[in-house]
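Novice: Sequence:
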Amino acid sequence: MNMKFAPILLAIFLVDSVIAQEYDAFEKTIPELQAAMEDGETSSEQLVRQYLARIEAFDNRGPVLNAMTFINEDAIETARELDQERRKRGPRGPLHGIPVLLKDNYDTYDMPTTAGLVALAGFMAPDDGYQVRKLREAGAVFIGKTNMHEAARGITTISSLGGQTRNPYDPARNPGGSSGGTGAAVAANYAAVGMGSDTCGSIRIPAANNNLFGIRVTQGLSSRDGIIPLSDTQDVGGPLARSVVDLVTVLDATVGYDPEDVQTAVARGHVLGSYTDFLREDGLNGKRLGLLKNNLVDDGLFGTYQEVTDIIRSAAELMVENGAETIELEIDGLDEALESSGVIRMEFLRDFDAYLAKSNAPVNSLEEILESGQYHEDLESGYRRELETEADPEEYRAMLAGREEVTRMVIAAMTEHNLDALVYPTLRARPRMIGESAYGSSCQIAAHSGLPAISLPAGFTDDGVPLGIELLAPAFEEASLISMAFAYEQAVKPRTPPARTPSLLADDLDADFRIDVPGINGRLNLDRTTQMLHYELRVRGIRSRDIIDIKLHRGLSGENGPIIELLGVDRTGSIAIRNPHLDDLLDDGLYVLVYTAQEPTGAIRGQIELR
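Each residue of the sequence shown is one higher than the one before, counting from 1 in this note's numbering.
Just so you know, these hints were derived from the structure itself, not from any lab.
One or more of the hints may lead you astray.
Each pair of labels, with its calculated beta carbon distance range [stated by the list, open to error]:
1. Leu566 - Asp510: 22 to 32 angstroms
2. Glu339 - Arg523: 50 to 60 angstroms
3. Glu336 - Ala576: 42 to 52 angstroms
4. Glu77 - Thr415: 51 to 61 angstroms
5. Ile563 - Arg92: 50 to 60 angstroms
6. Ala354 - Asp587: 52 to 62 angstroms
7. Ala35 - Arg288: 32 to 42 angstroms
Quick caveat, the model's predicted, so the values are computed rather than measured.
Just so you know, even glycine gets a beta-carbon here, dropped at the ideal spot from N, CA and C.
Between the sequences and the hints, there should be enough to build the whole structure, so can you do that?
Specialist: Here's what the structure looks like:
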C-alpha cells in the first residue's frame, strides 16, 4: 500500500472537496449510518469520501487541526469491496463499512505505525494488533491514523512526526492527549469513531477536551497486543466517540480474551452478550454516586478552577434529576497513595525497547532514537531521564504494592457508602493554551487501580471550551457505567459539535450580515470553517480624522453590552469570532459603535443583522 503523510508533513491524500451526494454523515451515529446503508441512502464508499473531504477541509485548511498523520489510500477501495459484500451476503455486523480512525500507536500491517516519532516514520508492523484485527474482521474501514503525543508521554499531543494538534473548539488550545489526534478528529467528524489508548488519562482527557465520550475499561478486559507500549501495567486501548451507542458498538468488537496478552485472562467470564443491552434511558435510577471531594474547592480533584467545580456539580445535579442519588466523600490517604503507585517511569524504557526489538523496527532502542535526533525537543529531557535513571527493583515492587492499596482504598470507600460510582472532573482545569504546560488531570484513580472509568461531556466554559465529568466503577462494571452514561446522554444531550468544523453540506457555511442605520452601513461575511468575520463599513457624516476607534460590542438591539473586539479606524478587515460570540452574531446579538474625538463614549451604533 502506498502511504503519504497527512497535512503539514509531506502531502495529503486528495479528494474531491465537492461532495456529490445528498446524505450527510455529519454527527450521525453508527446505527444511523448502518440504517442509511441498508436503505440505500448511502454506501460505505460514499461515507469514506465524505469523511476524507472533511479531513481535506479542516486538517490543513480552515482551523488547521493537524489531527492526522497518515491517510489510508486503500480506504475507498476497501469500502467499495465491503459494499459489494453487503449486496451479496448482507452486513457482517454493526461495524460493516463503518469508517474508523486509529491512534498512531496501533499496529497495522498496511499503514505505518510510529507513535508520533519521526524515527519510526517508515516502520510497517508485521501484522495487525488484536483490536485492529477484530475491527477489520467486523468490517470497519480504516480512514487513517491520528497524531498523538510522542510516545504517549504527555497530554497535549505534540510530536516530531505530526507537530501540534489543535482543539477544534478553540484552535489556540490543545486537544488533550496523548490520544489528542483521535479526540480532535472524532469531534470534527473525520470518521464515525476513533481508537485511542489510555495509560493515565489518554482516552479520557481528549474525550473531555473535545466534548466526547471515552472509556478506559477494566485492566485486562481488552488486549494490549500491537499497541506501542508506555507502561505494560497501565496501558489500555479503547474508543472515543460522539455518542454512547458508538462507544459500546466498538467495545463489543474489541474486548475479550487474547492469548497474545496474558493480562486478558481475567476477561474470561466477564464479556457476556452485547454492551448495547445496557443502553437504558433509566440507567441512573437508584444509582448512588459519590462526589469525590478530596481537597475540594482549591487544589483537589474538584479544585484548581471554581468554574470547573461549578460545571461538574451542575452535571452531577442533572444526574440526580434523572434518578441518581449523590453524596460527597473524601478518601483519606488517597492522594498520597496515588503519588506512590504510578509505574510509568519504571516500565517505559523496558517496554518500549522490547517492542522495538521484537518488531524489527528501524531503530532498536530509545537510546538509538536520541542518537539519531529524530524526536521532538519537548520530549528530550524526559527521554534522557529514562536513560540516566537506573530502575530500583525494591521501589518498583513498592509501587506495584501501592497499586493494590489504591484499589483497596477505593473499593472500601465505595462499599462503605454503597456506591455505584465515584464522580469527579476528568480534568480539574480547562484545556490549556498551546505551549502551556498541562495539569489538573484526575487520571491516576483509574490508571493506578485498574478500575473502569468513563468520561462524559459535562458542559462548556463561558468561552466555549468543553469539560468532562468522569465516573469510576468497580472492576468489570462497564455495563453499569454504560447504563449511567446512556441515561445521562439521552436526558442532557451534552454533545455540541465544534462551530469551526460544520457540515460540508450545510447551507450556512458562509453567512452574510449587514448594518443599515443612519450614519453607518456595512456588509459582513462569516466563514464558518475558519470563524473569520470579514467586514466593510461605511461611516457617513463624520470626518475620517475624527474617528478614534470602532469597537465591536455584545448586545441585542436596544441593549448595551461589553466590548469584545477593537476594530480600529480601518473600516475594512477581518477578525476571528470566538465560540460564545458566534452564537451572539447569529442571533443578531452584536453591534458596532463608532467612537469619535467629539463623542469618545460612542457616536453611532449599528446593529449587525443576518441578511
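Novice: Checking each numbered hint in turn, tell me which of them this model violates, lowest number first.
Specialist: No hint contradicted; all consistent.
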